[in-house]
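Here is how the chains run, residue by residue.
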Amino acid sequence: MIITPHELQLWIDEGKPFTVVDFRPKVQRRESPLSGLNAVIADADTIPKCDGAMVLVCQFGIVTEEIIVEKDLDDTFSLLGGIQAWEAFQNEKQDMSRWSRQTVLSEIGLEGQKRLLNAKVALVGMGGLGCPIAQSLIAAGIGTLKIIDGDKVELSNLHRQPLYNIEDVGRLKVLVAKEKLKQLNEDAVVELTEEYLNDDNGLNVVGDADIIIDATDNIQARQLIDQISKEFGIPMVYGGLYRYEGQVAVLNVNGSPGYSDLFPEPPSVNDTCADAGVLGMLPGIIGHIQALETVKLIVGIEPNLVGKLLVYDGMKHSMETIEL
Amino acid sequence: MITVKVKCFSQVKYALNKDEVIFELDHGTTTDSLESMIRDNAKGKLDGVRLRVAVNRKYIPEKIELKDGDEIAFIPPVQGG
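Residue numbers (this note's numbering), protein chains in the order written: chain X, 1 to 324; chain L, 1 to 81.
No lab work stands behind these hints, which were simulated from the structure alone.
Honestly, I wouldn't trust all of these hints.
What the hints assert, rightly or not - Here are the simulated DSS-like cross-link-like pairs (lysine-lysine), alpha carbons at most 30 Å apart as the crow flies:
#1 L:K67 to X:K296
#2 X:K308 to L:K58
#3 X:K296 to X:K114
#4 X:K182 to L:K43
#5 L:K58 to X:K230
#6 L:K45 to L:K67
#7 L:K18 to L:K43
#8 X:K49 to L:K63
#9 L:K63 to L:K5
#10 L:K45 to X:K316
#11 X:K152 to L:K18
#12 L:K45 to X:K230
#13 X:K114 to X:K308
#14 X:K26 to X:K120
#15 X:K71 to X:K16
#16 X:K230 to L:K67
#17 X:K308 to X:K230
#18 X:K316 to L:K67
#19 L:K63 to X:K230
#20 X:K93 to L:K18
#21 X:K120 to X:K182
#22 X:K152 to X:K120
#23 X:K180 to X:K114
#24 L:K5 to X:K178
#25 X:K93 to L:K5
#26 L:K5 to X:K296
#27 X:K296 to X:K120
#28 X:K152 to X:K114
Claimed, not checked - Pairwise CB distance ranges (calculated):
#29 L:S36 to X:I166: 46 to 52 Å
#30 L:P61 to X:E107: 21 to 27 Å
#31 L:D47 to X:K120: 38 to 44 Å
#32 X:E302 to L:R57: 38 to 44 Å
#33 L:R57 to X:A44: 44 to 50 Å
Remember, it's a predicted structure, so these values are computed and weren't measured experimentally.
Note that the Cβ used here is the ideal one computed from N, Cα and C, for glycine as well.
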């Protein structure tokens, strides 16, 4: 069983009896002393016997979860996110434990998570790419997600747009998406634009974002996003699909190449997913790569796809990265 | 003569029905003339499709002369999302 820092604080406030057992090595105990908890020191071989509930703590809450499962301990809880999450809760009264599986990554950590929580991302297009992007960004803790699309859910969308159900057919995608996304994280701010991005609304809709994600299905929209992205210095995460292939690039970052550098000519004869066909998994894969690149940009993780075009082939499962 | 490998993406792959094509070319052949050969091989299926060129995984905005062993990719913009 697990307990979050918030729940543990409630136990303390209610005066519930419990014993805290600290499983961290001496070095970690010295570097990050427990604040507000009197702990018994132990290791996995010397678990004390206590009356009442035990709360096991380690640095990130992973070791203690394993101990509880391995030893089949009753009435014993692992502190989710460990001391890292407990200290953040004590210092800032913010429970970060739900993101403990990603804050344990040294490249993310609590600082990275705070950047995600403070980030504002504009997602243009709530179709095949937009659905997985929105789901994974909201789940990752993006603070504000602006979703922009004037389209309504159609029956033929459902095989690749997992935010929508059969009951949603005919409803505006952004309205349905907001309902589903709020279920994933009720604290996230989801702002809606119930129309397509165009020359008139473009700057107003995406101009205040930290990053603009292109999940559209037409090149004209991509060119408009690129134009705003380049002019106002807002990075653009591009994704596109053709049958079993997808492309991803991170564009216009501190003067790095943009979409117009990659494809400078006017739109050519081309196919949408409706024309060319697409399996639902392909936008899932490409959308998640776009979301990953977005998180890397916000947190500041390298290497990334800035100045590169990634081409994924879903038939051979091969990837090519081309330097722009 | 030089030998180069062309890697085919999206519409190019479907137009040629191949992932890769090996070309034996005269010395001095440029990316532009190789693109013309690809379009000829596609028998009209690439008409109207704009292609960008990468040589050895580096995007090339203007035509260059090819060298023996080069790997060339012709990349169309893709629209779906």
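key: Pair hint L:K63 and X:K230, alpha-carbon separation not exceeding 30 Å   = holds (26 Å)
key: Given pair status - L:K5, X:K93, alpha carbons within 30 Å   = Given pair X:K93, L:K5 is violated - Cα atoms ~59 Å apart, limit 30 Å.
key: Agreement of X:K120 and X:K182 with the hint, judged by alpha carbon distance not exceeding 30 Å   = holds (16 Å)
query = Hey, X:K49 versus L:K63, does the alpha-carbon distance stay inside 30 Å?
reply = violated (76 Å)
task = For the pair supplied as a hint, X:K296 and X:K120, confirm whether the alpha-carbon distance does not exceed 30 Å.
result = holds (14 Å)
inquiry  = Next pair to validate is X:K26 with X:K120; report whether the Cα-Cα distance is within 30 Å.
reply    = Between X:K26 and X:K120 the Cα gap is close to 40 Å, so the pair fails against 30 Å, i.e. violated.
key: L:S36 versus X:I166 beta-carbon gap, inside 46 to 52 Å or not   = holds (50 Å)
query = Is the gap between the beta carbons of L:D47 and X:K120 within 38 to 44 Å?
reply = holds (43 Å)
message = Run the distance test for L:K45 versus X:K230: straight-line Cα separation, threshold 30 Å.
response = violated (33 Å)
query = Does the structure keep X:K152 and X:K120 at a Cα separation of 30 Å or less?
reply = holds (24 Å)
query = Quick one, are X:K114 and X:K308 close enough, alpha carbons at most 30 Å?
reply = Holds, because 27 Å separates the two Cα atoms, which is no more than 30 Å.
ask   = Between L:K5 and X:K296, does the CA-CA distance stay at or below 30 Å?
value = violated (34 Å)
Hint compliance for this structure: hints 1, 4, 8, 11, 12, 14, 16, 20, 24, 25, 26, 28, 30 and 32 are not met, and every other hint is.
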